[in-house]
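Peer 1: In order, the protein sequences belong to chains A and B.
Residues 658 to 948 (our numbering) are what the first sequence spells out, left to right.
Residues 19 to 344 (our numbering) are what the second sequence spells out, left to right.
Please note that a few of the clues may not be correct.
To be verified - Selected chain A positions facing chain B (in silico; Cβ < 8 Å):
1) Pro662
2) Glu667
3) Phe668
4) Leu669
5) Ser766
6) Arg777
7) Phe780
8) Leu784
9) Gly785
10) Leu893
11) Ser896
12) Tyr897
13) His898
14) Phe899
15) Asp900
Simulated from the structure, these hints should not be mistaken for laboratory data.
Note that beta-carbon positions come from the ideal geometry of N, C-alpha and C, so glycine has one too.
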Amino acid sequence: MFIEPFVNNEFLRLALAGGVLVALTCAVAGTFVVLRGLAFVGDALAHGVLPGIATALIFGVSGIIGAAFGSLIMMAGVSLVSRRFRLSGDTAIGLLFVGMLALGVMITSRSRTFVGDLSRILFGELLGVTSRDLISQVCALIIVIAIAIIARRPFLLLSVDEGLASSSGFSVRLFHNLMLTMIAVTVVASFQTVGTLLVLGMLIAPAATGALFARRISTMMTVAAVVGSFSTYVGLLVSYHFDLAAGASIVLTAVFIFAVAATYTEIIKTIKIKQSNEHEHQHSHSGAHIR
Amino acid sequence: MILIIASVVHMRKTNKLVSAFIALVIFASCSSASDATSDSTSNNESIIETTSDSVVAELPAIAVTYSLIGDIVSQLVGDKAKVKVVVPDGQDPHEFQPSAKDIEIINNAALVVSNGLEFEEGLEEVLETFADSGGNIFMVGKHITVRKIEDGDEHGDKHTGGDPHLWLSPATMLEMLPALTSALSEATGADLSAEATILTKKLQDLDQEIESIINSLGECNLVSGHDEMGYFADHYGCKVIGAIIPSFTTTSEATAGELADLKELIQQYKVPAIFTGLGTSPDVADQLAGELGVKAVTLSTHYLDGATNYQEFILKMVNQIAEALG
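With the sequences and hints as input, model every part of the structure.
Peer 2: Listed below in structure tokens is the structure:
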């Protein structure tokens, strides 16, 4: 019921391995996405890679190369538009985002040689994960962890306050771009497994759950990794037993876990407030007595 | 990926590099955009035109939604009409989205020939509007015995309506041929009975040939990309074991549960090959085939794919099936 599907089916084992690797990569990158409020950039990157992937597949190159190029264009474009034209960051991101998305749709809809259709790029092929995909996912995980370790202090300061980072002698622009690169690597490596649309869910939902409980970044990442991996397992089981699309099941599970966790923390908070209110009330009461 | 890091670091240092990069970006997006445009132009050029240019203006235009029915219509009308195929050969007709020009072609046609069984999902609205405004439309599905799946399997059944893959059996094409001939005669004002007789004979011969090929196989158990082999299997005595996407359309997605069920069925029936193609993830098929130690064979079932006509297309498909199962 809970284990046999994986014992009996190699494709499910590979999907689980691929999904957990995505969850781990996303836990590291997602923590900074949540802390620094980069969800929109993440979304834009996830969609901005679309024309790159489409073009790469048309020319018979690996989709990963196309995706890497697409994200590079996206990041460079956002940086240029927001810097040169005095437009706010989210305007620049939105502009590039829709532009790239439209370009991607245009390429996929009109190419006769196109081997993978749009929905497959958007939602991924978790059930078709190969051991080759796992290797590139492991590489991405290593790169992301390496970036996070090397730049952990500036990243932490950036997440708290940009001014703090620059007064500590770190270049805000450099490390912001490095952080974007980390997110891009995550998106590029994960599109094959969960798809460009759903990678955002894996990037945000587990890390947001971590942010509910944890104060320290390392704890947040750990919680995110556990939630993400558990969501992968549950999502695959749901897909197996109820015949639902695998990628969507995983992301929905992760979002559901966040909802449950958020409700739990809210209830705890309310109870605490109530208790402290009652406490204060007693105080003032006793105070009146004394008077 | 290291490339990305490197260039991000560089970008910060020199704005010139950024500008150069953006120029490249713009150039790249322009060239890919023009690729897409030139691609669509070449698609339009490749539309089957069965007539010489000098008499184009006088000939009635027949629009056919996809290439396989398009070829049958072409064989019927010969040079008595101009046949235009809307979905370019090679694209998934299930998912095709029309351009403004495609809609114009449909709206200006003397007769539109479509599948009629919710096959061309992206054209549905255009065809409906065309029919509502008094347009002349021939739906192949209205003139055949439609294959339906009544019983849902224990897992959620994704089958709705009738099976639209009617062209995969020449016998079904023979069934609708008289009605199509009279509709075309009416639209073109030409007598097509001679062409119809020739085509009927050709399709009958084709039917015989397929039957002997399939009969030479011991067992004909089919596993396909989506549920597309129904008419073929029913007519030639094959058994459809299952499909990676158990749906009449490619717009559905494979699920873990269905794949596990399919795996069991393939083992149970000892099916030697999985046929995949358009709209099915090659990765999923390859992975499944690898796990089971069977072949994964790419089969063209929804478009001509280089075949010069319908008969050649069907024979190529049948030979591929026979080779994989034999």
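Peer 1: State for each hint whether it applies.
Peer 2: Hints and how they fare:
Interface hint at A:Pro662: satisfied, since its Cβ lies 6 Å from the closest Cβ of chain B, which is below the 8 Å cut-off. Against a cut-off of 8 Å between C-beta atoms, the interface hint on A:Glu667 holds, since the closest Cβ of chain B lies about 4 Å away. For A:Phe668, the shortest C-beta to C-beta distance to chain B is roughly 5 Å, which falls under 8 Å, so the interface hint holds. Annotation: A:Leu669 was flagged as interfacial toward chain B, and the flag holds, the nearest CB pair being 6 Å apart, inside 8 Å.
For A:Ser766, the shortest C-beta to C-beta distance to chain B is roughly 5 Å, which falls under 8 Å, so the interface hint holds. The interface hint given for A:Arg777 holds, since its Cβ lies 6 Å from the closest Cβ of chain B, which is under the 8 Å cut-off. The restraint placing A:Phe780 at the interface with chain B holds, with a minimum CB-CB distance near 7 Å, inside the 8 Å limit. About 5 Å separates the beta-carbon of A:Leu784 from the nearest beta-carbon of chain B, less than 8 Å, and the hint is met.
Using the Cβ-Cβ criterion of 8 Å, the hint placing A:Gly785 at the interface with chain B is satisfied: the shortest such distance is roughly 3 Å. Nearest Cβ of chain B to the Cβ of A:Leu893: about 6 Å, under the 8 Å cut. The hint holds. Using the Cβ-Cβ criterion of 8 Å, the hint placing A:Ser896 at the interface with chain B is satisfied: the shortest such distance is roughly 4 Å. For A:Tyr897, the interface hint holds, the least distance from its beta-carbon to any beta-carbon of chain B being 4 Å, beneath 8 Å.
Checking A:His898 against chain B: minimum C-beta separation of about 6 Å stays under 8 Å; hint holds. The beta carbon of A:Phe899 is positioned within 8 Å of a beta carbon in chain B (closest approach about 7 Å), and the interface hint is therefore held. Residue-level restraint check for A:Asp900 holds (minimum Cβ-Cβ distance to chain B is 4 Å; threshold 8 Å).
The earlier numbered hints are all upheld by this structure, with none contradicted.
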